[in-house]
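**Q** Since the structure of chain A is already known, use the hints to place chains B and C on it.
Residue numbers (this note's numbering), protein chains in the order written: chain A, 1 to 351; chain B, 1001 to 1351; chain C, 2001 to 2351.
Treat the hints as calculated values from the structure; they're not laboratory data.
Only a predicted model underlies this, so the values are computations on that prediction, with no experimental measurement involved.
By construction, the Cβ of each residue, glycine as well, lies at the ideal position given by its N, Cα and C atoms.
Careful: at least some of the hints might be erroneous.
Below 16 Å or equal to it, Euclidean Cα-Cα: the simulated EDC-like pairs (lysine to aspartate or glutamate) are [unchecked claim]: (1) K1199(B) with E2158(C); (2) K1334(B) with E2339(C); (3) K1320(B) with E2333(C); (4) K1265(B) with D1232(B); (5) K265(A) with E302(A); (6) K2340(C) with D286(A); (7) K199(A) with E1158(B); (8) K265(A) with D286(A); (9) K268(A) with E319(A); (10) K2340(C) with E1339(B); (11) K268(A) with D232(A); (12) K268(A) with E2193(C); (13) K2268(C) with E2302(C); (14) K343(A) with E1339(B); (15) K2314(C) with E1302(B); (16) K2268(C) with E1193(B); (17) K45(A) with E23(A); (18) K2268(C) with D2286(C); (19) K2265(C) with D2286(C).
Derived list of chain C stretches under chain A, where covered just means 3 residues or more per stretch with a C-beta under 8 Å from a C-beta of chain A [claimed, not checked]: (20) 2120-2126; (21) 2183-2190; (22) 2231-2239; (23) 2335-2348.
What follows is each chain in one-letter form.
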Amino acid sequence: MGTRLGELVERLGGQLVGDPNLEVFGIAPLTDAGVSHISFLSNSKLRAQALHSQAAALIVAAADDEFIAAGYAGARIVTPNPYVYFARAAQFFAAQDAHVAPAGIHPAASVDAMATVDASASVGARAVIEAGAVIGPGVVIGAGCYIGRDAVIGEATELFANVTFHARCQIGARGIIHSGAVIGTDGFGFANEGGVYIKIPQTGRVMIGDDVDIGANTTIDRGALADTVIEDGVKLDNQIQIGHNCHVGAHTAMAGCVGVAGSAKIGKYCTFGGAAMVLGHLTIADRVHISSGSMVSRSILEAGQYTGFYPLAKNAEWEKSAAIVRNLASMREKIRALEKTIKTLTTQDTK
Amino acid sequence: MGTRLGELVERLGGQLVGDPNLEVFGIAPLTDAGVSHISFLSNSKLRAQALHSQAAALIVAAADDEFIAAGYAGARIVTPNPYVYFARAAQFFAAQDAHVAPAGIHPAASVDAMATVDASASVGARAVIEAGAVIGPGVVIGAGCYIGRDAVIGEATELFANVTFHARCQIGARGIIHSGAVIGTDGFGFANEGGVYIKIPQTGRVMIGDDVDIGANTTIDRGALADTVIEDGVKLDNQIQIGHNCHVGAHTAMAGCVGVAGSAKIGKYCTFGGAAMVLGHLTIADRVHISSGSMVSRSILEAGQYTGFYPLAKNAEWEKSAAIVRNLASMREKIRALEKTIKTLTTQDTK
Amino acid sequence: MGTRLGELVERLGGQLVGDPNLEVFGIAPLTDAGVSHISFLSNSKLRAQALHSQAAALIVAAADDEFIAAGYAGARIVTPNPYVYFARAAQFFAAQDAHVAPAGIHPAASVDAMATVDASASVGARAVIEAGAVIGPGVVIGAGCYIGRDAVIGEATELFANVTFHARCQIGARGIIHSGAVIGTDGFGFANEGGVYIKIPQTGRVMIGDDVDIGANTTIDRGALADTVIEDGVKLDNQIQIGHNCHVGAHTAMAGCVGVAGSAKIGKYCTFGGAAMVLGHLTIADRVHISSGSMVSRSILEAGQYTGFYPLAKNAEWEKSAAIVRNLASMREKIRALEKTIKTLTTQDTK
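For reference, chain A alone in the conformation it holds in the complex (with noise of 0.2 Å):
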């Protein structure tokens, strides 16, 4: 069950230093990593730690080998970035433990004759498949997912248990939808009239790109008219909300709890931490990255890092601090009658 270390190089590349016949068994933290492990050091500040480390073999960047080299006995793989490496490396030993679904459709599963589901994807009990939907090779739905009408979903991607993708919409190769998640929700379009609310009916897809992460009890919502996009290598964490007709640019990335609302157009390799909030039929271009918590109330044009969100304080002096926030307009005042006073003073001392 070990790994060569010399498999590992010839799978994933790096130059190591040390034999490649040593066999390691799993990835580890620098502090966590027994003997048996190999750890990464993805951060120059923990170079000490790293010489402390346990672990058989390190991952670690040209910039830290010559220190890592004089005080550390195992063996090193050099490459550019230990951090992807790590992740890479992560990669290879999680699917040599991972259970692998197996093809086909399972007993329990309801699966409609007029549906495409490819002989290599695996389809869950209880998963609901209608007619039209086409399921390609590879493809993992998980226990209790709905696929609606006409829906492609593309080789290689997998769905968690309970996720629902609705009708018509489309995603590419390998991604991922973790489970309670909802593609395709109707966007809230209505109309008003006189005080009561017309549904308009929404009509859109929801058009994914391939690599592209959803994470649990994210929602996103079917265009109106035309299509809600996003683009690929996307990823989205969870409980995030896409409202209908949104353009999400490629490899931008929103944590846990994002609200975006309907026609915004966001760039590409943008981030949004988390609980960050975009108002509707707002630009943000390439780049822009939006701090955690804060609402994103104009159009973005100029790449950088936003942010907007009240500071926390002892609840005592947020309430002396939020007063006079009530009253700036006040104490603006106050500064400009000081102003005015004091000007008046100093023209009467230069007489």
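**A** Just chains B and C now, with coordinates in the frame of chain A:
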């Protein structure tokens, strides 16, 4: 498959200017519409754009009709509220395309012998309906839904796949509940004994009126002793949380990610922007509008628009402003000191 | 169906003043209680109201008993904490009315032959239980639940319908998990290589203690390498997100919509108001109380109440105050300039 303009006007009203036998095949926004579409002008600012629309026909308000008539060659339907007309026309076209769930109980559903399911209702695969539940005429229970004991689903209400609707709760006619919503979960009620929480049983119900829409993954708690009440025409978006014993007045709408703590009493015709939060035991009057991302921490007894979120800024600027916010009390002290000094100075001057 | 006051006191303690053979049929608040109910006075401010209650009996604290005895003709149960007594009495009455899930596996459930289900446990229709899972005595697995491989559900814990409980996670005794909750979903962990995210496998578990309640649609991530830990007696409301590797101390309670980012260490006996947010890798001491809507962006090492949300105002007032908040640095400059000018003036004056 086309629809004659004459038929549309017979069904939905409005004054047709043009050939009643002209057929349209769908509805689309001004810029997307092709020669087989009808489009709509709901905002006078887009008048000029409307003149260039390829649409075969336009829905316009009387106030815009003269302008449009002068420059647009297609047919027109003149109506007081083009956006509402659009919604109704879109409903008409969507109904023509929609897959209609077949009446009857899917063989893979589990319906208790003591449940009552109207013959015209549709119950999807893997749905579970408990004893005593009453499923009205024309109701659609999606795949994988759970309907608890003695729950009541009113006429023509639709539950999308994987909704959980707990025991004894009720919803009226023509409602929609989207996937992943949970109605009638226990409220968060505990007594505290020396730091340890003792659960207070939640024995009330959720009572939902007619024409109520509930979004995906939204949760509504049952009342502790009395009921949680959602009145007619309320529209709730996705991922909303409504606490136990809340009362939401008719035709109030809440955007995604809103949270309402227990026992809040919210009026009619209110709106809540996304991620707005309401503390418990508050009263909010009719026609109150809360902006997105705002925390309602006290009762609001006067109609109007209310807001409270920290303005977004570049992170460096936020750091400056947040540091000052933390010390506003000291800024106020400085101003008071200045005022005092100046008063002394000016008093001296006028001696 | 009635309960003798004598029996109630035998079961729950307290000192009965009145006829032990008097029967009550339920518990209700002071103003709602009728002559067949018992009620409770948990707040001395409501003393006068209590005198007018129609309830057959009152639960009162010793400090209120003399006042109540003088003006109230019904029976009394005197106890140190009437609210806790109310909770226990309500549990007693609720248990009498409750539908008890029958022991055994519903024929429409899918239980793997390699799963262990105690004979006294109840497994609902359409539930799926994977190989290696252990379902303890008296456990209730609601309809449509998914229990992953090797998961452990402790004695007398109840999962409402449509809960997802993933592989290898564990929960102790007497817990409650509400519908739509997802336990053990992957944490949000990626390495970034040139803008592209590489998934870090999440191989830890979620380990949940005894007497833990988890709300509807709440999500708890499994640890990345180590475990996410929820200690005994923790109470989580609906729509909460707990990131990977978090540690939540015993008897901490969180209201709805709270978010906790990864690796946060939260103490015991803490409370979090609705929609409070906690950044990752923070430490929060025991007995810290965070107000609703507040963002915790740094560790808190001292017990107490902490708050940080922008105060709500009429929109026009907010626009003024928010504009000033954006420019607080310039306000501070003005004050400094004033101070400098005045210092010059007063220095001149005293020459």
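**Q** Is the straight-line distance between the alpha-carbon of K2265(C) and that of D2286(C) 16 Å or less?
**A** This hinted pair holds, its Cα atoms lying about 10 Å apart.
**Q** For the pair supplied as a hint, K2268(C) and E2302(C), is the alpha-carbon distance within the 16 Å limit?
**A** holds (13 Å)
**Q** Would the pair K268(A) and E319(A) pass a check requiring their Cα atoms to be no farther apart than 16 Å?
**A** violated (40 Å)
**Q** Given the proposed pairing of K265(A) with D286(A), does the C-alpha separation stay at or below 16 Å?
**A** Roughly 10 Å separates the two Cα atoms, so the pair holds.
**Q** Is K2314(C) within 16 Å of E1302(B), Cα to Cα?
**A** Judged against 16 Å, a Cα distance of about 10 Å means the pair holds.
**Q** Please verify the coverage claim for the region 2231-2239 of chain C: does it have three or more residues whose C-beta sits within 8 Å of some C-beta in chain A?
**A** Answer violated; 1 residues pass the 8 Å Cβ test.
**Q** Does K268(A) pair with E2193(C) here, judged by a C-alpha cut-off of 16 Å?
**A** holds (15 Å)
**Q** What's the verdict on K2268(C) and D2286(C), does the C-alpha distance respect the 16 Å limit or exceed it?
**A** The given pair, whose Cα atoms are some 5 Å apart, holds under the 16 Å limit.
**Q** Check whether the Cα positions of K1334(B) and E2339(C) lie no farther apart than 16 Å.
**A** Between K1334(B) and E2339(C) the Cα gap is close to 8 Å, so the pair holds against 16 Å.
**Q** Holds or violated: K199(A) and E1158(B), Cα atoms, limit 16 Å.
**A** holds (14 Å)
**Q** K343(A) and E1339(B): Cα distance at most 16 Å?
**A** holds (14 Å)
**Q** Check the hint pairing K45(A) with E23(A) against an upper bound of 16 Å on the C-alpha distance.
**A** violated (28 Å)
Violated hints, in rising order: 6, 9, 17, 20, 22; the structure is consistent with all others.
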